[in-house]
Amino acid sequence: MTTFKGQLVLALVLNVGLKVVTFSLSTLLTRKLLPYQNGVYFTYNVYNDAVLFVAREATRNVASRLSILEESDEVAESRRAAAEPSTSDAEKKSSSSQIKKPSTEVDVANVRRMISMALCSVALAVVAALVLEVIGVCFGRFSMFPSMMRHARVSQQQQQQQQDLYTLPHGSESGGLKGTVERLPLLLFPYLPELTVMGCTVLMAFVEPCVVVVQSLNLFRVVVLAECATLTARMLTVLTIIYTTQRRGADALQVDGEPLNGNGLRTLWEARMTFAFGQLAYAVTHVLYYTVVVSGLPVARWLGASAELQQVRAACLEGCASPKKSSQKSEADAQNPSVPASPSFPFAASRLYGIFAFPWCFYSVSDSIDVCRQEAALFFTFLRESLLRLVLSEGESFALTSLGSESARGYYHLIYSLGSLVARLLFRVWENACFVKWSREASLGHQQAAVQLLKLMVRVSFYVGFSFALLGPPLTRTFLLTMYTSRWATPQVTVALQRCFYGMPIMAWNGLLEAFLRAVASPAVLQRLQRWMVGETVVYIAVCYATLMSFGKNDEQGDSVRVLVLLNVLNMLWRCGASIYLLVISPAASHVPTSSGAEATSAHPLVHLHEFAHVFSARILVSFLSLFILSRVVTASVASIACIGVAYGVVIFACDAEVRRLLILPVWSRVVLLRPRRSGDGGGVGTPREAVSAAEKKRK
Numbered sequence: 001m002t003t004f005k006g007q008l009v010l011a012l013v014l015n016v017g018l019k020v021v022t023f024s025l026s027t028l029l030t031r032k033l034l035p036y037q038n039g040v041y042f043t044y045n046v047y048n049d050a051v052l053f054v055a056r057e058a059t060r061n062v063a064s065r066l067s068i069l070e071e072s073d074e075v076a077e078s079r080r081a082a083a084e085p086s087t088s089d090a091e092k093k094s095s096s097s098q099i100k101k102p103s104t105e106v107d108v109a110n111v112r113r114m115i116s117m118a119l120c121s122v123a124l125a126v127v128a129a130l131v132l133e134v135i136g137v138c139f140g141r142f143s144m145f146p147s148m149m150r151h152a153r154v155s156q157q158q159q160q161q162q163q164d165l166y167t168l169p170h171g172s173e174s175g176g177l178k179g180t181v182e183r184l185p186l187l188l189f190p191y192l193p194e195l196t197v198m199g200c201t202v203l204m205a206f207v208e209p210c211v212v213v214v215q216s217l218n219l220f221r222v223v224v225l226a227e228c229a230t231l232t233a234r235m236l237t238v239l240t241i242i243y244t245t246q247r248r249g250a251d252a253l254q255v256d257g258e259p260l261n262g263n264g265l266r267t268l269w270e271a272r273m274t275f276a277f278g279q280l281a282y283a284v285t286h287v288l289y290y291t292v293v294v295s296g297l298p299v300a301r302w303l304g305a306s307a308e309l310q311q312v313r314a315a316c317l318e319g320c321a322s323p324k325k326s327s328q329k330s331e332a333d334a335q336n337p338s339v340p341a342s343p344s345f346p347f348a349a350s351r352l353y354g355i356f357a358f359p360w361c362f363y364s365v366s367d368s369i370d371v372c373r374q375e376a377a378l379f380f381t382f383l384r385e386s387l388l389r390l391v392l393s394e395g396e397s398f399a400l401t402s403l404g405s406e407s408a409r410g411y412y413h414l415i416y417s418l419g420s421l422v423a424r425l426l427f428r429v430w431e432n433a434c435f436v437k438w439s440r441e442a443s444l445g446h447q448q449a450a451v452q453l454l455k456l457m458v459r460v461s462f463y464v465g466f467s468f469a470l471l472g473p474p475l476t477r478t479f480l481l482t483m484y485t486s487r488w489a490t491p492q493v494t495v496a497l498q499r500c501f502y503g504m505p506i507m508a509w510n511g512l513l514e515a516f517l518r519a520v521a522s523p524a525v526l527q528r529l530q531r532w533m534v535g536e537t538v539v540y541i542a543v544c545y546a547t548l549m550s551f552g553k554n555d556e557q558g559d560s561v562r563v564l565v566l567l568n569v570l571n572m573l574w575r576c577g578a579s580i581y582l583l584v585i586s587p588a589a590s591h592v593p594t595s596s597g598a599e600a601t602s603a604h605p606l607v608h609l610h611e612f613a614h615v616f617s618a619r620i621l622v623s624f625l626s627l628f629i630l631s632r633v634v635t636a637s638v639a640s641i642a643c644i645g646v647a648y649g650v651v652i653f654a655c656d657a658e659v660r661r662l663l664i665l666p667v668w669s670r671v672v673l674l675r676p677r678r679s680g681d682g683g684g685v686g687t688p689r690e691a692v693s694a695a696e697k698k699r700k
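Using full-length UniProt numbering, the first residue of the sequence shown is number 1, and each one after it goes up by one.
None of these hints come from the bench; they were simulated from the model. Where hints are given, some of them may not hold.
Estimated spans, in silico, between C-beta atoms of each pair [to be verified]:
id, residue 1, residue 2, range
1, E536, V134, 21 to 29 Å
2, R301, L236, 18 to 26 Å
3, L609, W360, 20 to 28 Å
4, V131, V622, 49 to 57 Å
From a predicted model like this one, the values you see are computed outputs, not experimental measurements. Don't be surprised by glycine CBs; every beta carbon is placed ideally from N, CA and C.
Turn these sequences into a full structure, and let the hints guide you.
Dropping the structure here:
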């Protein structure tokens, strides 16, 4: 568990730090793109994420239930011996030396099953891609799912209708594009970018066994580093193509100094092909990164590999080399603490094969079919759940890719990227941590402790979310002008981003309330919530489709984006209300097991409604309302809004004693632990326990 926590904390720190790099590149890329070009980028990302989500989630959930590292019998005995009180120093040294032995053994059979299960992602990716294309052909523009072939046909029609807009500055047609059309086959040319995107999506599924093995060993930093590397490769590829093509038309400048077409991408086909190359770089980097991580190369350590991963790799290569002697080899490895990183085998004459053999040596279609048959019930359960989650989370994006214009997609992509950045960095981690804590409290019967933690988390999350609603809207246009140029600081985008800021408190509450409900509610209540969410999603998507159809394909200014963001905020508000209603009407006895029979038959609600009403004190509410009015009255400058932000923080610390204790006490406790170490040179306190006792003596 300590290793898990350490890996998770390191991954969170890396995630925040590396997001600065990717956000900077994303901002630079958005500054160079026109809205309709960013819409193509958005369409490709939605398609790639949708297909991979369907292909990955079910297989990962099933494979994660297999344990590939188990504690050896010798180490278990040494731990029990070390736990017994020792009377001599020799016994202590011997017990400590025993604990330093390798504590795990590799279950090669489970590794094979895990890889065989993960290999099903390739088939799922192919099936998902084909199903999306069939739905797109059958339903056309009324299909609610993204389709690459439909996008290619629509893009070609738009390019033919607006051919006059894609000319060179001197009025002559782009000769490069015309020559390309003549050289390429007639049927291949219109679909080449989209076919590239589809192929890249399937290619990424081939290394899913590597990803599953890495995640099973809690190597979260590898996942974070790989995501940063792939995103960086995609954006650098697109930026390189844009800067290269921009030199051809550098003499065509507007009055404000920007290129005539925003960049060197003169036609819609060039934009599609550029982003297709970006997806190709994204997929190739993903494949190469995970291939090197699971290899025996020394550079794998720098990419996040661990000793446990090398141990798994060595054991699996031994299993592939001599299946009949795998049991004898595993016993020898358990007695020998040193495990070679890349053993040599008689059949592996090439050193290259010895480096990159794992996990490809376990690839077997027949094994994958057998594992799928054995785990069919669990697999299809997770598959249905993943499909439902996909529709619930990406409904408006699907509607926009089907009915919205390219420019509207580009504007929405900007708003979606900024809004999801806060959710990924802060709220999602918050919800997952609280969900684990609430689940444990519910299993122990600590209902009041779970409710008290809910009240605290709801209050603190509102502080964080309301800070965006307080400080964000006055500076929205300034932020867009500074970060993304005047091209993106339109009135429609400004209003849409302001509404996104206003929805931040609701976003924070929605995630926490649903996490609490999933942690403590009974299966009947969860099924009721799921039915409500499915019904609400159908209504929500229908309203989104009606909105986009009313604006039509000619929405070049992004007027529909304002309505979509508002609908998204209302959707989260409804979900918050539904969660609160279910918490209030749900009896606590059906969710939280108790030790006494009298408590088990009680029917008082899990959370009372007045507990939500008394989350904030009247003084805090009045102070927040005053600051909100002041922020809308004063001049919207960076200095004035910064002063209001400082006053907002002072109000929280002055009026909320629980938040003060939450933030100050952990820091002070660590200072107390460090003070005796600094003052005692030679004969000072040497352990944290002694440091605490010394600090207590000083206070006495």
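Consistency of the hints with the structure:
E536 and V134 have their C-beta atoms about 28 Å apart, which keeps the hinted 21 to 29 Å range intact. Separation of R301 from L236 is about 25 Å and conforms to the stated range, judged on CB atoms against 18 to 26 Å. Restraint check, L609 to W360: a C-beta distance of roughly 58 Å breaks the suggested window 20 to 28 Å. A hinted range of 49 to 57 Å for the beta carbons of V131 and V622 is consistent with their spacing of about 55 Å.
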